[in-house]
Amino acid sequence: MPSDSDPRPSRLGPALRIAAILVLAAALLSFPSLAPNPYVLSASVVVLNYAVLATSWNFVGGFTGYVSLGHGALAGLGGYGTGLFIVKAGLPSFLSLVLAALLVAVIAVPIGMAALRVRGASFVIVSIALVLILLLVFQSWASFTGGSRGLVVPRPFELSRPEHHRVFYFLYAALLFVATLTWWLIDRSRFGLGLKAIREDEDKAEALGTPTFTYKLVVFVVSATFTALSGGLYALWFGDLDPVFQFSILTGSYLVLMALLGGVRNLFGPLVGALVVGIALEYFKVEFGNTPLHLVATGLLLALVVMFMPDGVLPALGSLIQRFRRGPQQGSIREMTAAELRDDRARQDATIGGTR
Amino acid sequence: MTASLETSDLRKAFGGVTALDGATVRFRHGQVNALIGPNGSGKTTYFNCVTGMIRPDSGTVTYRGKEVTKKAPHAIARAGIGRTFQLCRVFPRMSALDNVLAAVRPGGILGGLRGARRGAEIDRARGWLTRLGIEHLLHVEARNLSWGQQKLLELAGVLMGDPETVLLDEPAGGVNPALLDRIATLVRELNAEGRTFVIVEHNMDLVMSISDHIVVFDRGRPIAEGPPSTIRTDERVLGAYLGV
Chain A
559 MPSDSDPRPS RLGPALRIAA ILVLAAALLS FPSLAPNPYV LSASVVVLNY AVLATSWNFV
619 GGFTGYVSLG HGALAGLGGY GTGLFIVKAG LPSFLSLVLA ALLVAVIAVP IGMAALRVRG
679 ASFVIVSIAL VLILLLVFQS WASFTGGSRG LVVPRPFELS RPEHHRVFYF LYAALLFVAT
739 LTWWLIDRSR FGLGLKAIRE DEDKAEALGT PTFTYKLVVF VVSATFTALS GGLYALWFGD
799 LDPVFQFSIL TGSYLVLMAL LGGVRNLFGP LVGALVVGIA LEYFKVEFGN TPLHLVATGL
859 LLALVVMFMP DGVLPALGSL IQRFRRGPQQ GSIREMTAAE LRDDRARQDA TIGGTR
Chain B
-5 MTASLETSDL RKAFGGVTAL DGATVRFRHG QVNALIGPNG SGKTTYFNCV TGMIRPDSGT
55 VTYRGKEVTK KAPHAIARAG IGRTFQLCRV FPRMSALDNV LAAVRPGGIL GGLRGARRGA
115 EIDRARGWLT RLGIEHLLHV EARNLSWGQQ KLLELAGVLM GDPETVLLDE PAGGVNPALL
175 DRIATLVREL NAEGRTFVIV EHNMDLVMSI SDHIVVFDRG RPIAEGPPST IRTDERVLGA
235 YLGV
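Heads up: the protein sequence lines correspond to chains A and B, in order. In this text, residue positions in the first sequence follow my numbering: the first is 559, and each later residue adds one. In this text, residue positions in the second sequence follow my numbering: the first is -5, and each later residue adds one.
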């Protein structure tokens, strides 16, 4: 589904779009019953974790265009926060998850206030710094975090391993639904339009009266909250946290790749990207073991996407469908006839009418 | 005539280059004001300081009696000052409609969560696009518009914010005579409706034909001001432009 303000609305009818969403939802919900073995089910939990993280990343990256490589750290904070609330404070698992997410939301305010003052490459570097600083803190503060020995997080349910995977699959699916719904609501809102204006030209948006810093900060906190929830669920699911993996730049890089691959301006872009990249990562790990080959493949994939599908897979598919429907595409609006413009306008007026 | 926008001893230097050197200026409320001067005389820097895009080294900016010197650009925009840019700026990958709707300011958190495309606002956006003659491009991405169309779209976006004072930075730059005529007519109409204009422009025919009051800058400070008839023959102005 293209973003609400996508200037090239999909030619797919609303019914077809709803049908596609229903098929996607049905496939997601029925997958645990169809999974051939517990490994596939556990891999699907990993992929769903990526999907939630990439969708959460896309609140910042997709709306504002700020590329954060530090979201892995926010997930790590959510994971460790959840684990520490359980282990150190003795709180129930899911209360710990919620409290950790709220704590990360609070911590995200000063982080955002510092990081969002810079743009472009500077923001990327600051986000990397966040990961490295937190890695050092969580490795060094062994008396509290467990340091390099890691932190064992008690599991919330007494279930067999396949059932454990199944429950967490659905918990992740529910979180993905809420994150996607929130993204969709923001996309349609004035707040979302302001964020997209920031992505296009921040100074211009500011000159038009958009309080850009506040907008960026709010969406950063929303993004951090969902990222922390996903990280917290991971802690409850996996049960063992290691700072090297929790505070890794690779996690943030994967999220960027997933969102770019699927399409950052698209509601389901990060989900599609997570499916492709997540499955590819698992495949490479299974086929080639613990080698850096999966990193090479990931790098190649990123290069291919940037070169041939800079807007992502879904927008590229949308363009392809449009090309088939319209025949040869015009290179510029000046090549459209007045009649075509009128038809185009009437068609798209109907789209607007639906959102009034 | 009361002042709409005034600056006092405004100074700004970029490294060793002094862009504004004590600019004390009063632009008149309800009039079409022009700010002219040779290239590098500090006109755009002046606009940037007034609108908060860059912070002056010293001096004050006052709008309608209130000091706005240290306010953020969005706060200055909300105070009633809208602006266009010297190099036309639109949101390239957003439709013309969304470019204009982006100027709608949500009231508070709940306002921000309301739908971006509401009937009344779409009607108002359409109204501005129609008035500027580009209503037929409503759904076209801004990056696909011609330079002149982008200029009109930028202006439509500014006007959607309903500013009391509009700063236009070289509205005639790179536009054809027909479009220039349309812009001039619109400025006159909007001025008649009560909006104040401050226009930075090199096209002297346009400046002399639509301005009520002209301020001339040279080397970061005003050297002359008055009605077009006076400025046209002012020796300091001729000296600044011709280097004599």
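Quick caveat, the hints were computed from the structure, so don't treat them as lab data. These figures come from a predicted structure and were not determined experimentally. Treat each hint with caution, since some may be false.
[What the hints assert, rightly or not] If you anchor each label on the Cβ, the simulated ranges turn out as follows:
#: 1; chain 1: B; residue 1: D3; chain 2: A; residue 2: A687; range: 39 to 47 Å
#: 2; chain 1: A; residue 1: R713; chain 2: B; residue 2: I48; range: 36 to 44 Å
#: 3; chain 1: B; residue 1: G10; chain 2: A; residue 2: L878; range: 48 to 56 Å
#: 4; chain 1: B; residue 1: D3; chain 2: A; residue 2: L858; range: 53 to 61 Å
#: 5; chain 1: A; residue 1: I683; chain 2: B; residue 2: G188; range: 30 to 38 Å
#: 6; chain 1: A; residue 1: P668; chain 2: B; residue 2: L104; range: 19 to 27 Å
#: 7; chain 1: B; residue 1: L104; chain 2: A; residue 2: A679; range: 45 to 53 Å
#: 8; chain 1: B; residue 1: G9; chain 2: A; residue 2: A679; range: 16 to 24 Å
#: 9; chain 1: B; residue 1: K64; chain 2: A; residue 2: L690; range: 30 to 38 Å
#: 10; chain 1: A; residue 1: F866; chain 2: B; residue 2: D51; range: 42 to 50 Å
#: 11; chain 1: B; residue 1: S2; chain 2: A; residue 2: G678; range: 31 to 39 Å
#: 12; chain 1: A; residue 1: I579; chain 2: B; residue 2: D117; range: 28 to 36 Å
[Stated by the list, open to error] No more than 25 Å apart at the CA atoms, straight line, and that leaves these computed lysine to any residue pairs for SDA-like:
#: 13; chain 1: B; residue 1: K60; chain 2: A; residue 2: T772
#: 14; chain 1: B; residue 1: K64; chain 2: A; residue 2: P668
#: 15; chain 1: B; residue 1: K64; chain 2: A; residue 2: R675
#: 16; chain 1: B; residue 1: K64; chain 2: A; residue 2: V667
#: 17; chain 1: B; residue 1: K64; chain 2: B; residue 2: G127
[Said to hold, decoys possible] Simulated coverage check for chain A against chain B, where a stretch passes if three residues somewhere in it have a Cβ under 8 Å from a Cβ of chain B:
#: 18; region: 702 to 708
#: 19; region: 764 to 775
#: 20; region: 810 to 821
C-beta: ideal position from N, C-alpha, C; glycine also.
Against the structure, the hints come out as follows:
{"no.": "1", "hint": "D3/B with A687/A: 39 to 47 Å", "verdict": "holds, 41 Å"}
{"no.": "2", "hint": "R713/A with I48/B: 36 to 44 Å", "verdict": "violated, 56 Å"}
{"no.": "3", "hint": "G10/B with L878/A: 48 to 56 Å", "verdict": "holds, 54 Å"}
{"no.": "4", "hint": "D3/B with L858/A: 53 to 61 Å", "verdict": "holds, 59 Å"}
{"no.": "5", "hint": "I683/A with G188/B: 30 to 38 Å", "verdict": "violated, 48 Å"}
{"no.": "6", "hint": "P668/A with L104/B: 19 to 27 Å", "verdict": "holds, 26 Å"}
{"no.": "7", "hint": "L104/B with A679/A: 45 to 53 Å", "verdict": "violated, 36 Å"}
{"no.": "8", "hint": "G9/B with A679/A: 16 to 24 Å", "verdict": "holds, 23 Å"}
{"no.": "9", "hint": "K64/B with L690/A: 30 to 38 Å", "verdict": "holds, 35 Å"}
{"no.": "10", "hint": "F866/A with D51/B: 42 to 50 Å", "verdict": "holds, 48 Å"}
{"no.": "11", "hint": "S2/B with G678/A: 31 to 39 Å", "verdict": "holds, 35 Å"}
{"no.": "12", "hint": "I579/A with D117/B: 28 to 36 Å", "verdict": "holds, 31 Å"}
{"no.": "13", "hint": "K60/B with T772/A", "verdict": "holds, 24 Å"}
{"no.": "14", "hint": "K64/B with P668/A", "verdict": "holds, 23 Å"}
{"no.": "15", "hint": "K64/B with R675/A", "verdict": "holds, 17 Å"}
{"no.": "16", "hint": "K64/B with V667/A", "verdict": "holds, 24 Å"}
{"no.": "17", "hint": "K64/B with G127/B", "verdict": "violated, 37 Å"}
{"no.": "18", "hint": "702 to 708", "verdict": "violated (count 0)"}
{"no.": "19", "hint": "764 to 775", "verdict": "holds (count 8)"}
{"no.": "20", "hint": "810 to 821", "verdict": "violated (count 0)"}
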